[in-house]
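Undergrad: Modelling step: build the complete structure from the supplied sequences, incorporating the hints.
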Amino acid sequence: MTWDQMQELMWPATWETLGMVGIAGLASLAIGLPVGLLLVLTDKDGLLQNLAVSRVLGAVVNLGRSIPFVILMVALLPVTRAVAGTTLGWQAASVPLAIGAIPFYARLVETSVREVDGGLVEALKSMGASTGTIVRKTLLPEALPSLVASATTTVIALIGYSAMAGTVGGGGLGNLAITYGYLRFETAFMWVIVAELVVIVTAIQLLGDFAARRLSHRGDYRSPLSFFRSAAAKPKDTEEDLLSSH
Amino acid sequence: MITTKGLTKVYRSQDREVRALDDVDLHVRQGEVFGVVGTSGAGKSTLIRCVNLLERPTSGTVTVDGVDLTALSGSEQRAGRDLRAARQRIGMVFQHFNLLSSRTVQQNVELPLEITGLDRRERRRRAAELLDLVGLGDKARSYPAQLSGGQKQRVGIARALAGDPKVLLSDEATSALDPETTRSILKLLRELNQQLGLTILLITHEMDVIKSVCDSAALMRGGRVVESGQLTDLLADGHSRIARDLFPLGDLGARTATPEEGERTVLEITFQGDAPAQPFVSQLARTYQIDINILGAAVETIAGRLVGRMRVELPGSHTDNVVPIGYLRQQGLQVDVLDPSNGAAA
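One line per chain: the protein sequences are A and B, in this order.
Quick note on this note's numbering: the first sequence kicks off at 135 and runs consecutively.
Quick note on this note's numbering: the second sequence kicks off at 3 and runs consecutively.
It should be emphasised that the hints constitute simulated quantities derived from the structure, not laboratory data.
Since this is a predicted model, take the numbers as computed values, not measurements.
Cβ coordinates follow ideal geometry from the N, Cα and C atoms, glycine included.
Misleading hints may appear alongside valid ones.
A few chain A residues that don't get close to chain B, going by computed Cβ distances all over 10 Å [stated by the list, open to error]:
#1 Leu222
#2 Leu258
#3 Met324
Stretch by stretch, here's where chain B covers chain A in the computed footprint (C-beta under 8 Å, at least three residues) [said to hold, decoys possible]:
#4 154 to 168
#5 177 to 183
#6 247 to 257
TA: And the structure:
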């Protein structure tokens with residue numbers, strides 16, 4: 135297989151992968167964020183304490199989290215057909231991807247929001263803020279760097295899932311690696327695709343880290359990849375440095 | 003300005019019941035700095051959080067500026083509209099500052115004004131004004147992570163004042179700060195109290211805080227207020243535990259007299275205001291021809307007044323010294339005769 139032949143197959147598949155990851159990512163952001171927030175708010179001693187809602191929501195999220203994605207994909211075929219009109223192609227694959235990623239992101243959102251210092255909520259209450267104001271002006275802005283980092287993790291997990299979707303007619307890079315690399319013994323092509331996935335995942339991680347760092351004014355945000363950069367990184371500013379430079 | 007009546011807070015967990023506040027009556031007058039002091043677990047934190055209903059008391063009432071807050075609707079987690087409006091007129095500062103790390107100093111100060119719905123330009127103006135007031139005009143664009151502890155607390159104070167409150171609640175505001183920074187923050191609170199006529203209710207575990215800024219104080223133990231009043235009155239009361247803690251003379255006078263010395267009488271003399279100007283010790287010695295042994299003494303400025311306490315030893319029993327003691331009392335001094343066996347006021 136020549137490089138030209140590989141390229142001809144790779145680029146459309148890349149777009150398919152990015153397409154389904156993008157759609158599923160947006161959907162999990164749009165639904166996972168409010169669900170995660172509700173998990174915190176309705177919990178015991180939460181601002182909107184409602185144990186019935188909290189338990190039902192928690193159970194649904196756990197259910198979604200515990201079904202292996204391959205099985206979820208097959209189990210959801212009727213849903214996929216109803217939503218996308220077909221069970222083949224990357225558009226169809228977006229449906230189980232989104233449904234699999236929503237509870238994943240919701241749990242991460244829950245953790246991020248719980249990490250916001252309870253003292254801040256108390257401070258807002260003491261100012262006479264309503265629950266909506268507390269969510270808008272404290273919980274979400276303070277959790278933002280962590281929410282962005284969680285979104286990065288979710289998108290990268292989605293890329294992994296999307297390869298699985300590829301094996302059952304979902305298209306994308308996963309499909310290509312299996313049909314050519316594995317079934318046709320084009321081992322070189324498979325490694326090229328693996329290399330491309332590594333590049334995509336690394337790029338998304340770096341982008342996500344960069345965004346999270348820019349959004350964090352706390353001065354203590356450490357990205358999971360900082361380990362690789364620590365040799366090149368400049369020494370962390372001490373408090374004195376920051377004080378004198380401002 | 004702040005009145006609590008029969009305030010009781012009981013925490014229940016399964017089979018245990020903890021009475022964090024037990025029938026607390028407190029009265030904070032307008033324009034004064036009132037300190038509640040006690041060890042941790044005495045209930046002072048619960049008390050201050052009950053004042054703006056961050057915690058709902060199990061029973062009793064809280065009245066702030068004429069409004070009975072306990073009558074306003076809302077649960078501990080969600081306050082009703084009227085309670086939220088009332089809270090906007092009560093500022094609060096916290097031990098750990100509780101500033102939003104995602105906002106600049108200026109945006110932190112603007113936060114309460116956003117809640118009250120002030121327009122952007124007014125918010126900016128007011129925030130700048132407040133930051134100047136607390137001496138941080140040049141830090142408006144910094145983030146809290148770039149400030150020192152003392153600076154963070156100044157931002158916390160500016161933020162608490164943004165809504166132009168009549169009452170400021172201070173929850174251990176200086177407990178996370180070093181002694182020097184503590185002094186500067188207390189000085190700021192005192193200035194705000196005097197310049198703005200702000201009524202301040204603070205809780206602390208440090209007697210020094212009471213000593214340096216408070217007009218009145220209450221001592222809490224096991225959820226109860228065991229003593230409260232104006233510092234000048236408490237100091238004039240020989241039995242006041244607060245006064246004793248403000249002025250620890252230690253066990254200096256508790257020594258037992260040797261048999262050769264015969265019987266001794268130990269007095270504790272407290273003087274306020276102008277009294278120390280008189281050389282009463284030497285006058286006493288000259289008038290009655292007695293040898294006075296000074297065991298210990300301390301002079302402090304409390305609530306803006308000079309206050310001193312001295313422990314002296316006179317030869318002879320209490321009955322032998324009735325006349326000199328009478329003389330000292332005539333000079334406007336407060337004299338307590340200590341029981342020599344335990345050093346406590348008899």
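Undergrad: Of the hints stated earlier, which fail here?
TA: 2 and 4
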